[in-house]
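Chemist: Here's the letter readout for the chains.
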Amino acid sequence: MANVTLEGITKRYEDVTAVDDMNMEIGDGEFVTFVGPSGCGKSTTMETIAGLTKPTEGTVHIGERDVTRLPPKDRNIAMVFQNIALFPHMDVYDNISFGLRLRKYDKDEVDRRVEEAADIVQLEGMMERMPEEMSGGQRQRVAIARALVREPDVFLMDEPLANLDAKLRVHMRTELQRLHRRLDTTIVYVTHDQAEAMTMSDRIAVINAGQLMQIAPPLECYNEPANLFVAGFIGSPSMNFVEADVRSGELETENFTIEFDPATTDGLAPGDRVTIGVRPEDVYLERTADGVEHPSGLIDARTDVLEPMGNEVFVYLVTGDDADTSMDVEGGAATDDQLLMSVDPDTEIDIDEDVSVVLDRSRVHLFDPDTGTALRHGLISAASATGTPERGVGDTD
Amino acid sequence: MAAETETETIEREATGEQKGEQERNRGPLERWVGDSISDPGRAYKPMFWLVTIFFLFTTLFPFYWLLMVALTPEGQLQDVWLTPNGFNPGVFIEVFEILPFHRYMFNSFVIATVATVIVLLVASLAGYVFGRLSFPGKGPLMLLVLLVSFFPPAAFFIPLNDLFNTQISILEPVLSDGSIYNTPYALIIPLSAIFMPLAIFILTTFYSQIPDGLEDAARVEGTTRLGALFRVIIPLSAPGVATAGVLTFIGVYNEFFFSFLMTDGQPQSWAPILDGILGYQGQYQTLYNAMAAASIIGVLPMAILVVVAQEKIVSGLTAGGLKE
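Respectively, the protein sequence lines represent chains A and B.
Counting from 1, position 4 in the first sequence corresponds to residue 4 in the working numbering; the numbering is continuous, with no gaps.
When you read off a place in the second sequence, starting at 1, and then add 1000, the result is the number in the working numbering.
One chain only, chain B, in its complex shape (with noise of 0.2 Å):
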């Protein structure tokens, strides 16, 4: 036995040398294709760090180049290469005085909420009919859908801001001079709109997957249809809820178009956080530190939404994708 195990070691150290020998004829590149061919995980895994790496910087790289630039003390930005030039926290304080940025913030969260309540309503009912029912004519209507929410934003701005400018007269009791221009309807109205369609195919396809049976057991309970799709459909359909409400807000929030163009810019016309941050920029100066100091305290709160969200968000969008 022993000589046998003996013989058998020579062997093998015989062998590897002849291996040792023959790689060593390769060069590197060579030898580092060859062992990728034979093991793929040498290969995937320094790709995986090269593309992760690629995605961090591209989407971490602006973050910090927009901290060093608020941290920059104004009128030092022209030497700044990687590092501040500089160091002047305090401007996180200062775009709070020298223009009421809170009013600013306080306008963009309103309008984000009130339109993602809104969406959320009217996308759940809309969502209930197209996933739960059939009726003649759903195909055709939910392609309406889909085609209303292909049109450019931008092509119903001016009929919008003209309607908008109008004076309705049975409005004035409401609002002080009867127009929508300057009050937050003139942003929850187009925006909700804009952000429906997605909602609604978001909604569809959660409330389509939850079984038959818990609607039909909820009604003979005692609810009615509308009753089974707030007490049963919607609570089960949580992740999805929550998708399209992160999405419709955070896009709300960051609209740009409609934000910037249906008020006056003014914090008491409810003029969203882009005004704010333009409006640093005056005539004769351009407070580029205030501005992405503000930038920065604008996005922090979406920030953590996503991440407080994000395995809501992640849940719904792939449960969505993988429907049957």
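Looking at chain A on its own, in the form it has when it is part of the complex (with noise of 0.2 Å):
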């Protein structure tokens, strides 16, 4: 068990950067989850925490030791890979067993801890199955097998659950959590898929373009996200975006105005521009809107495309008149005309219908168009808001 420090990471390729300056401490014990689009970087600074990539500059420390220019063999970690890397020559025995092996252990422990690992992950009496033979939850388990059996001080984890089908992913996502508590190991974890950043982690490393962009426990990032990449990133479907003007006392879109508390102005002034966001469950059918406590004023818009998922219906809201409904990959809105809206599944709403909605002021980010950094959670006064940004893009660590 061992805390991890990174400390100015770099790694870069002939003309790419893959990893740009990444600082990071993480706990002992704690599970850490990197996260973002493909090719952000996040398997290569796990990679460089591994020792299978050596950085262009900066440091890794795991506990005390400086490792950074230590071979893999020699860091005390185990990883578990995206495509599982059974060795396929070797039974289950074998492969649990091989690192054990390599060090020399004698007979009677490596039996003891291969039992042990096999009793964690379920395995037992599968000991001389050939990985062939299993299938993929089962050969997943192999490998964390493989990977427990050595009591590492850190747990690199690649990946691991992206090969399993959905269901399976589901099982498996609880099974490691579960895991982790019984180990209280360090774990870092690399995923794209933000629903298993956010259910296990401790914290979440968001990553984009080789740079952290905020590290911090998943609801954080989920509500007080630092900046407009990571709450584009975090939370399914994605976030509203609308350009506005900042006017004294209330924020002006294209198509609709949004009044703020003149409290809570500091730092804008009248003729700022802004990027408002807001996630799809903040946005209220203004006859339902009952319950909520800083409703902004109406907008009109008018109903596009319904996506019942079952416990939740997702609206397609177009605002103005000749609305460009283009949307991005994301799903999400893409253009300032388009506001997507999570409804009750038992709302009763009909496509092309005009409805008037409110957004909750309270819940409101506000985003510097330019760098992207977040000025401001919730529209209302200081005393009643959820949170004032503390982070930048820069000062993430």
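Just so you know, the hints here were simulated from the structure itself, not pulled from any lab data.
Glycine residues also receive a C-beta, built at the ideal position from the N, C-alpha and C atoms.
Certain hints may be false.
Some, not all, of what chain B presents toward chain A, calculated at C-beta under 8 Å [claimed, not checked]:
no.: 1; residue: Gly1222
no.: 2; residue: Thr1223
no.: 3; residue: Thr1224
Listing some non-contacts, in silico: residues in chain B with all C-beta distances to chain A over 12 Å [unchecked claim]:
no.: 4; residue: Phe1063
no.: 5; residue: Ile1093
no.: 6; residue: Thr1113
no.: 7; residue: Ile1158
no.: 8; residue: Gly1282
Now that you have both chains on their own, put them together as the hints suggest.
Modeler: Now the structure itself:
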């Protein structure tokens, strides 16, 4: 068990910078998830911790040791790979005991540890099987047992559930959480699936284009995103973003205005451009908005598409007249004319219906449209606000 | 219903008769061509057998001829026509009595085995580097290997022979007279070098196909890069290693030029099978039957090796060829 410290980790390939000045402190026994889009550098960052990739600059410490120049075998880490990476020519016992046998543990000790690890991941009685004879979930459990058996300081997991089917993935997710509670070891986990990141981690490190965007507990990333990228990446479907001008006491967008408490205008002057961010669940139909404490003024909209999910219905709203309804790949509303709302499944609503909606002003976020930095979370006076932004892009460590 | 089917059958018979009449007007070749166009299988099948028989004949007939020559008693070869002139299976024992042919075979086996081991070891390291690492100058370096493999081996012979005949004082404690001539090294060194490029190319292809994740897993689990090569990459490339190994072994075993010239032809000087076979050719007499019998005995181990390893060789060669 040990903490992991990354200082100024930078990895440059010939013409690309995969990881750019990454600083991070992962506590002993903490479960930290690296999350970000494909190719953002999260796997490269993990590989520098594992020693499979040498950083161009910066140092990696595991516990008190500087391991930056050590080969993987001397770092006392274990890793679970995306493609599972069981040795196809060895049976389960040989796979799990591979590392122990390399380290010349005596037979009894190897047997004892393999048995214990197999017990933890429920693989009893499968020691003689070859990997090709097992299902995906079983193979993944063997890979985890192979990592467990060495009792490493740090577990590294590189998208370990990515190749499993959806149902098994959810199951393994809970198993991993149970495992973490039982072992209490430092775990670094890489995924592009934000559901995995949200559900399992103590803290999430959101990475984009090789840079650390925010490292914080999951709910903080969700409720107080440090910048536009985190706001858009965490949460599915994505947050609504609308460009607005600051006027005295209100924000004016192309199609509607939101009034805000003048007491909260510090740092904002009339005439500034901001990006408003609001999550689909913080948009309410006017007729069901009784519980909202700080509603905005009414916004006129027309329903465009309904997506009933069972437990909720996503409603794509169009505001303004000649609206642009193109969408981005994340499924979020992509233009200023669109607004995505989530409502109860028993709400009576039809497509092409003219409705009035309100926003929960306490949960409206403001971002600087140029730098992306969060300016404010909530548009009501500081007394009842959910929080004030204290982190920017640069000061994430 | 019944009436309808009746008329149908009558009609069908009528058209069948017409067709038959047409067919009778064509010659047999024309008919066969016509049938082959409508059913290409009729053409492919005889062609398949024709080509197969041709290949079987050209590959197997020399062996039959060899066997026949071996079985024909000495001095009766002039009247041979497809069957042996007499029957003398004892020649397969005599060859060992006339010359220590078993010693020649032993020499050949040792030389081929050692050369194969050297080739597999060095080519594995080269294959790992070319197949799994990227570094500046990799392309040119690989081209250089390719280039060297295109040199005619004979071009190296004279300088090598000269070198091997030189007495090198530091080798004196190891080799009796300090020169490599008449030692197994005189064959192992050049033959390993000649078969190295082929093995490097085969192994490069195979090692490059092992997923990076497996090597990473081995390294995280506690091996070095070399350890990962020997514990994971090589075992998983078994067909490729077997192919490279068998091709090298057969190549060295069958090699003529260096084998003939790098020793003085005496069994105690590590002369290979080739010198043994030629040994039945004396100044006044040539024992063709013994030469043929020795040839068969010399070929047998290779035939067995190929039959045993055939599946792996075929899968190895095709897997290499079908990369990506």
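Chemist: Against this structure, judge whether each hint is valid.
Modeler: Going down the list of hints, with the structure as the test:
| no. | hint | result |
| --- | --- | --- |
| 1 | Gly1222 | holds, 4 Å |
| 2 | Thr1223 | holds, 6 Å |
| 3 | Thr1224 | holds, 7 Å |
| 4 | Phe1063 | holds, 38 Å |
| 5 | Ile1093 | holds, 45 Å |
| 6 | Thr1113 | holds, 24 Å |
| 7 | Ile1158 | holds, 46 Å |
| 8 | Gly1282 | holds, 54 Å |
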